[in-house]
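Work the whole structure out from these sequences, hints included.
Protein chains in written order, with full-length UniProt numbering: chain A, 1 to 431; chain B, 1 to 173.
Take the hints with a grain of salt, since some may be wrong.
Below are the EDC-like pairs computed for lysine to aspartate or glutamate, each with C-alpha atoms no more than 16 Å apart in a straight line [stated by the list, open to error]:
| id | chain 1 | residue 1 | chain 2 | residue 2 |
| --- | --- | --- | --- | --- |
| 1 | B | Lys120 | A | Glu411 |
| 2 | B | Lys138 | A | Glu111 |
| 3 | B | Lys120 | A | Glu111 |
| 4 | B | Lys106 | B | Asp68 |
Counterexamples of contact, computed for chain B against chain A with all Cβ distances above 10 Å [to be verified]:
| id | residue |
| --- | --- |
| 5 | Asp66 |
| 6 | Asn70 |
| 7 | Gln117 |
No lab work stands behind these hints, which were simulated from the structure alone.
Just so you know, even glycine gets a beta-carbon here, dropped at the ideal spot from N, CA and C.
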Amino acid sequence: MFLLLPFDSLIVNLLGISLTVLFTLLLVFIIVPAIFGVSFGIRKLYMKTLLKIFAWATLRMERGAKEKNHQLYKPYTNGIIAKDPTSLEEEIKEIRRSGSSKALDNTPEFELSDIFYFCRKGMETIMDDEVTKRFSAEELESWNLLSRTNYNFQYISLRLTVLWGLGVLIRYCFLLPLRFKEFMSKHVHLMCYRICVRALTAIITYHDRENRPRNGGICVANHTSPIDVIILASDGYYAMVGQVHGGLMGVIQRAMVKACPHVWFERSEVKDRHLVAKRLTEHVQDKSKLPILIFPEGTCINNTSVMMFKKGSFEIGATVYPVAIKYDPQFGDAFWNSSKYGMVTYLLRMMTSWAIVCSVWYLPPMTREADEDAVQFANRVKSAIARQGGLVDLLWDGGLKREKVKDTFKEEQQKLYSKMIVGNHEDRSRS
Amino acid sequence: MSTMGNEASYPAEMCSHFDNDEIKRLGRSFKKLDLDKSGSLSVEEFMSLPELRHNPLVQRVIDVFDTDGNGEVDFKEFIRGASQFSVKSDEEQKLRFAFSIYDMDKDGYISNGELFQVLKMMVGNNLKDWQLQQLVDKTIIILDKDGDGKISFEEFSAVVRDLEIHKKLVLLM
Numbered sequence: 001m002f003l004l005l006p007f008d009s010l011i012v013n014l015l016g017i018s019l020t021v022l023f024t025l026l027l028v029f030i031i032v033p034a035i036f037g038v039s040f041g042i043r044k045l046y047m048k049t050l051l052k053i054f055a056w057a058t059l060r061m062e063r064g065a066k067e068k069n070h071q072l073y074k075p076y077t078n079g080i081i082a083k084d085p086t087s088l089e090e091e092i093k094e095i096r097r098s099g100s101s102k103a104l105d106n107t108p109e110f111e112l113s114d115i116f117y118f119c120r121k122g123m124e125t126i127m128d129d130e131v132t133k134r135f136s137a138e139e140l141e142s143w144n145l146l147s148r149t150n151y152n153f154q155y156i157s158l159r160l161t162v163l164w165g166l167g168v169l170i171r172y173c174f175l176l177p178l179r180f181k182e183f184m185s186k187h188v189h190l191m192c193y194r195i196c197v198r199a200l201t202a203i204i205t206y207h208d209r210e211n212r213p214r215n216g217g218i219c220v221a222n223h224t225s226p227i228d229v230i231i232l233a234s235d236g237y238y239a240m241v242g243q244v245h246g247g248l249m250g251v252i253q254r255a256m257v258k259a260c261p262h263v264w265f266e267r268s269e270v271k272d273r274h275l276v277a278k279r280l281t282e283h284v285q286d287k288s289k290l291p292i293l294i295f296p297e298g299t300c301i302n303n304t305s306v307m308m309f310k311k312g313s314f315e316i317g318a319t320v321y322p323v324a325i326k327y328d329p330q331f332g333d334a335f336w337n338s339s340k341y342g343m344v345t346y347l348l349r350m351m352t353s354w355a356i357v358c359s360v361w362y363l364p365p366m367t368r369e370a371d372e373d374a375v376q377f378a379n380r381v382k383s384a385i386a387r388q389g390g391l392v393d394l395l396w397d398g399g400l401k402r403e404k405v406k407d408t409f410k411e412e413q414q415k416l417y418s419k420m421i422v423g424n425h426e427d428r429s430r431s
Numbered sequence: 001m002s003t004m005g006n007e008a009s010y011p012a013e014m015c016s017h018f019d020n021d022e023i024k025r026l027g028r029s030f031k032k033l034d035l036d037k038s039g040s041l042s043v044e045e046f047m048s049l050p051e052l053r054h055n056p057l058v059q060r061v062i063d064v065f066d067t068d069g070n071g072e073v074d075f076k077e078f079i080r081g082a083s084q085f086s087v088k089s090d091e092e093q094k095l096r097f098a099f100s101i102y103d104m105d106k107d108g109y110i111s112n113g114e115l116f117q118v119l120k121m122m123v124g125n126n127l128k129d130w131q132l133q134q135l136v137d138k139t140i141i142i143l144d145k146d147g148d149g150k151i152s153f154e155e156f157s158a159v160v161r162d163l164e165i166h167k168k169l170v171l172l173m
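See below:
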């Protein structure tokens with residue numbers, strides 16, 4: 001036992017030294033640049049190396065699978081079936097036309113074959129529908145060594161976990177005590193966000209920075225994860241508007257409110273909505289206040305498309321600065337499926353991804369024109385964001401993730417079909 | 001899913017036109033729809049797809065799939081049903097499928113009442129009942145060759161067969 005003691009102390013010493021070295025390195029490479037906003041370009045190199053590793057790994061896996069004669073699980077990004085995008089009218093007319101030529105007087109207004117269209121459309125949806133696809137994580141074609149995007153292999157990086165721990169530590173150490181210093185808060189916030197960004201090994205490319213939002217405006221962006229907030233906030237000062245969350249998110253939200261004038265609300269509260277609109281209007285009219293950051297989709301979408309924007313933020317009448325955020329899914333899926341897992345699990349996943357690579361485009365400011373209403377304005381902004389980010393522009397409501405579709409859609413189809421039948425009837429009675 | 005077991009081998013009575021790969025893909029769709037993981041799809045689970053809410057004939061399609069009549073569609077019924085939309089299924093099968101959409105009580109005939117009900121699903125409240133009844137009566141008069149007041153499968157196919165149904169009721173996988 002006595003022999004072990006000097007050995008022990010040697011190990012302890014070694015550990016101590018290596019830890020100190022590690023921390024110093026981290027300090028130098030992360031915190032100092034974060035304070036000064038300087039990058040070392042190490043991350044770009046890291047990204048390139050990762051790409052090479054992925055390509056090699058995918059090849060190896062395929063070769064291995066072939067040897068063992070296994071069926072590799074290959075996700076299909078384009079959906080299972082080839083869909084035929086025809087409308088109700090076109091299709092029914094075509095079906096009727098291709099029928100044998102009967103005497104025109106005898107053609108009934110309604111054909112037995114009219115059901116074909118509905119049956120086929122129904123089946124297409126059952127096999128593969130457009131909407132719920134958006135709410136589950138995008139499936140990748142090539143494997144990126146993360147088990148979540150390809151159900152084959154599990155790997156967790158230890159180094160990143162350490163980084164995360166450090167990031168959390170610093171965040172809380174800085175955030176809490178400096179709550180009371182108004183003046184410092186702006187700069188501290190920025191610094192914190194930058195640290196978070198480094199901790200996540202996020203590689204962000206900002207485009208068109210001259211269009212960055214100014215005071216008295218509203219910044220509008222598409223929403224994939226809470227990390228969007230970190231990404232945007234590390235490049236500018238914003239006041240936030242958002243849904244009140246429970247758990248870890250809630251704690252962070254409350255802490256932030258103490259330092260900065262943010263607006264949190266409960267989505268389902270009708271009274272709250274009016275109150276929020278009023279507060280937003282006041283905030284915007286005060287030109288010295290920070291620009292407001294809003295995600296009008298209302299929920300996290302999986303970054304392949306942009307869903308319907310809620311019109312509330314567009315009614316206020318301020319200048320809107322649209323921002324498009326697009327994540328590169330190869331390095332880690334940033335999408336937060338809030339109905340599937342909570343905040344802490346999500347953070348853990350983020351921290352243990354390889355990296356978060358994304359591009360941010362600042363689009364030129366837009367204002368509501370005289371002849372368009374809030375909804376049209378919202379749609380215009382949405383199209384601009386979708387086009388810039390290369391995302392699909394969808395009319396569907398993001399709220400569909402949680403609620404069901406209203407029956408009005410079915411009634412519209414019924415109305416359309418009825419018009420077709422009755423329309424023919426009117427033609428006949430005229431002749 | 002309890003009924004799926006080993007994915008590589010499926011019982012021969014699946015009798016579908018799909019190869020293993022396609023069955024696996026359909027299996028994934030099935031699992032996505034089966035929200036409570038019960039192994040069969042209820043009407044509510046189908047209706048959780050927003051685009052299906054558009055479709056006025058969903059209930060009929062589900063009823064046609066549900067061959068054992070227990071109100072839910074299990075995986076076998078799902079595959080068999082979907083198989084009728086495959087490129088490889090023949091014209092006769094597709095005609096049978098279309099016929100069963102109308103034939104609600106599965107007695108082999110489309111009666112006046114059944115045709116009325118299906119049409120009512122398609123038009124909703126946009127046509128008055130008497131207008132609808134007129135359409136139905138007219139259709140049956142024209143199509144009913146043997147004068148029994150109902151449309152049999154032969155009378156149905158005589159009319160619909162020309163319409164190249166094998167192209168219309170097809171999903172390319």
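Tested hints:
no.	hint	result
1	B:Lys120 - A:Glu411	12 Å, holds
2	B:Lys138 - A:Glu111	11 Å, holds
3	B:Lys120 - A:Glu111	14 Å, holds
4	B:Lys106 - B:Asp68	12 Å, holds
5	Asp66	13 Å, holds
6	Asn70	19 Å, holds
7	Gln117	13 Å, holds
The structure shown violates none of the earlier numbered hints.
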